[in-house]
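*Asks:* Sequence:
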Amino acid sequence: MNLSPVIAPSILSADFGNVSREIERIHQAGATWIHLDVMDGNFVPNITFGAVAMESFSKPEGCVFDTHLMVVNPEKHIPAFIKAGADVISIHAEATEHLQYGLKMIRDHGAKASVALNPATPLEALDWVYPDLDMVLLMSVNPGWGGQSFIAPVFDKISSLRQRLQDRGIDIPIQVDGGINLKTIARASLAGTTHFVAGSAVFTVKAGDALDEKDRLETYRKNINGLIEEATRDQLV
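Per our numbering, the sequence shown starts with residue 45, numbered consecutively.
It should be emphasised that the hints constitute simulated quantities derived from the structure, not laboratory data.
Do not rely on the hints blindly, as some may be mistaken.
[Said to hold, decoys possible] Straight-line Cα separation of at most 20 Å, SDA-like style, residue types lysine to any residue; simulated pairs: (1) K156 <-> G129; (2) K127 <-> R151; (3) K156 <-> Y174; (4) K156 <-> W172; (5) K120 <-> G154; (6) K127 <-> W77; (7) K103 <-> K148; (8) K127 <-> V88; (9) K103 <-> A73; (10) K156 <-> R206; (11) K103 <-> K120.
Note that the coordinates shown come from a computational prediction; the quantities given were computed from them, not determined experimentally.
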């Protein structure tokens with residue numbers, strides 16, 4: 045797939061005291077996609093926000109709200125989140141018995157439909173819904189918390205998914221979520237990823253780190269090709 049890499053900062057690592065301000069700040073830094081992690085305290089232990097709260101978030105012009113529903117029975121909530129501004133919705137295959145129905149509902153309400161798979165969930169979960177997909181989200185950490193390390197076997201999973209899509213003549217993005225940094229983004233891109241969720245890598249500032257969010261996003265964008273070349277030389281993939 046010939047797409048420019050898309051880095052979608054996750055507000056899971058942002059200041060929840062003023063989400064609208066954080067969204068505007070990261071959008072001004074150059075992010076066109078904002079990743080919104082919705083957690084219900086059931087499918088994952090943590091709780092973040094619901095559709096009513098999301099509806100209050102200010103949405104910059106030209107910004108894509110990439111909404112990741114980590115909730116049980118997501119089909120119950122899809123219309124409300126699209127009303128709240130979701131442009132892309134990812135629902136977990138593990139969270140519903142009605143996956144195809146949920147994907148159709150997303151499209152019928154005017155948003156892009158995506159399936160999210162946990163690291164241990166096999167790609168066979170997608171076998172009967174490929175025609176209903178606009179994107180696939182592969183979790184590269186166990187969902188529910190920010191700041192985790194990338195689970196290495198997911199690199200092979202990305203490659204396998206890209207091959208399966210090509211074999212079916214399907215040209216859609218693959219997104220990865222979790223453990224993204226300057227090293228893992230190179231390997232994931234080489235494996236076939238086009239969209240990258242970055243939380244703590246963008247928002248977390250270490251002592252003595254002079255880079256702001258804009259600098260961090262630019263560093264990822266400008267160096268991704270060089271990092272891929274370096275990864276190839278080092279036979280990381």
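*Asks:* Give a verdict on every hint.
*Replies:* Hints, one by one, checked against the model:
1. K156 <-> G129: The hint holds at about 12 Å.
2. K127 <-> R151: Given that 20 Å is the threshold and the Cα spacing comes to 13 Å, the pair holds.
3. K156 <-> Y174: Cα-Cα ~13 Å, so holds.
4. K156 <-> W172: The hint holds at about 18 Å.
5. K120 <-> G154: holds (16 Å)
6. K127 <-> W77: Distance ~18 Å between K127 and W77 Cα, so the pair holds.
7. K103 <-> K148: Not OK: K103 and K148 at ~25 Å, beyond 20 Å, violated.
8. K127 <-> V88: violated (24 Å)
9. K103 <-> A73: holds (15 Å)
10. K156 <-> R206: It holds: about 19 Å lies between the C-alpha atoms, which stays within 20 Å.
11. K103 <-> K120: violated (24 Å)
Hint violations for this structure: numbers 7, 8 and 11, all remaining hints satisfied.
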